[in-house]
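In the numbering used here, the protein residues as written are 1 to 370.
I should point out that these hints are in silico values taken from the structure, not numbers from a laboratory.
Each residue gets a CB set at the ideal place from its N, CA and C atoms; glycine is no exception.
Be careful, since some hints might not be right.
List time: in silico DSS-like cross-link candidates among lysine-lysine, alpha-carbon distance up to 27 Å [stated by the list, open to error]: (1) K275 <-> K59; (2) K183 <-> K274; (3) K357 <-> K274; (4) K357 <-> K230; (5) K230 <-> K275; (6) K59 <-> K208.
Label pairs and their in silico Cβ distance ranges [what the hints assert, rightly or not]: (7) A216 <-> D334: 43 to 49 Å; (8) E170 <-> D300: 21 to 27 Å; (9) G262 <-> E353: 45 to 51 Å; (10) K204 <-> T366: 57 to 63 Å; (11) D300 <-> K347: 18 to 24 Å; (12) S342 <-> A367: 26 to 32 Å.
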Amino acid sequence: MLDLVVNSLYSKKEIFLRELISNASDAIDRAKYLGLTQKELLADNPDWRIDIAADGAAKSLSVSDNGLGMDAADLEKNLGTIASSGTKAFRQALKEKGGEALPELIGQFGVGFYAAFMVADKVTVVSKKRGTDAAFRWESDMGGSYTISDAERAGFGTTITLHLRADQEEYLDRWRVADLVKKYSDFIAYPIYFKQADAPKDEKPEDKKRREEDEAKPLNTRVALWKRPKQDVKPEEYAEFYKHLTHDFEDPLETIPFSGEGAVEFKALLFIPKKAAMDLFMPQQKRGLSLYVRNVFIGDDIDLLLPSWLRFVKGVVDSADLPLNVSREMLQDDAVIRKIKSAITSKVLSVLEEMKKDSAKYDAFTAAFG
Numbered sequence: 001m002l003d004l005v006v007n008s009l010y011s012k013k014e015i016f017l018r019e020l021i022s023n024a025s026d027a028i029d030r031a032k033y034l035g036l037t038q039k040e041l042l043a044d045n046p047d048w049r050i051d052i053a054a055d056g057a058a059k060s061l062s063v064s065d066n067g068l069g070m071d072a073a074d075l076e077k078n079l080g081t082i083a084s085s086g087t088k089a090f091r092q093a094l095k096e097k098g099g100e101a102l103p104e105l106i107g108q109f110g111v112g113f114y115a116a117f118m119v120a121d122k123v124t125v126v127s128k129k130r131g132t133d134a135a136f137r138w139e140s141d142m143g144g145s146y147t148i149s150d151a152e153r154a155g156f157g158t159t160i161t162l163h164l165r166a167d168q169e170e171y172l173d174r175w176r177v178a179d180l181v182k183k184y185s186d187f188i189a190y191p192i193y194f195k196q197a198d199a200p201k202d203e204k205p206e207d208k209k210r211r212e213e214d215e216a217k218p219l220n221t222r223v224a225l226w227k228r229p230k231q232d233v234k235p236e237e238y239a240e241f242y243k244h245l246t247h248d249f250e251d252p253l254e255t256i257p258f259s260g261e262g263a264v265e266f267k268a269l270l271f272i273p274k275k276a277a278m279d280l281f282m283p284q285q286k287r288g289l290s291l292y293v294r295n296v297f298i299g300d301d302i303d304l305l306l307p308s309w310l311r312f313v314k315g316v317v318d319s320a321d322l323p324l325n326v327s328r329e330m331l332q333d334d335a336v337i338r339k340i341k342s343a344i345t346s347k348v349l350s351v352l353e354e355m356k357k358d359s360a361k362y363d364a365f366t367a368a369f370g
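Taking the hints into account, I'd like the entire structure generated from these sequences.
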């Protein structure tokens, strides 16, 4: 049953890491928010972080956080039933209390954790909830049953350990993990570190030094460029991001950072290239924008956010209001999408109208796109 549910929700196995990192980020958000009024929860003065550890000998990969943590009842409620989301319940409780500054919690459907079973035949969770003294272990295999028992854990938070299937050991590789973090979780607000738990005992001193230096560096950028105030971003930073996003060698002709406010809130960073892509006018040409929801990458070439005649526009959109399906992989076309699409279209047209005042730039645009 569990295997059927998980594999019917997600199109790519690699998404499991995005889901676990998102859950870890949510756990830290919850701890920080509750700590505003319950100071004792943060008595350990935590240095918020997410840690990924690979153990080649044990064929296991773990994702740890020092966030809120869970007790036995939380483990039973949040992990014992598919589609039970602690994040969703937390958001609902805050709304009922009239909380205005809701933390940007990512989870909303309660199935993300189970994505781990796409690559693991057994999952072990050890957690210690802030404000308590006891730690607990939740463990399950693909059979669908689970156990909860007492455990030991030095600090508060949660560690999820995946006992990888034989054909999924690629996720023990640092560079594979780093690539996935860069792709899906680069703008998570907390530093994400990677450690090789089974480093060889006879490791050469220079290799050990290099490894430890790498392990001390976060895998993620953390600050999304489109969320920074425009006046704080240098033109060359925008240009560098554009090249990273599009693989273009040239700077963009025009950069368009803007925010949508009101009924639907979003951040966008758009670019008009200097030249048309070689396949721009081909029917099968990929078009659209890269989509993030609360800093988490959902997909690229999202064509629902642009009319086809603006397919030359590149960029990203980030919103907490976008409706996704249960696996967070696909947009659901509705009024929110139409409002964002309308706002983006109006903004691009106004920029093009303003561009007419710069004859050289506008001539370059018309020469490239007609």
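Numbers of unmet hints, in rising order: 1 and 9
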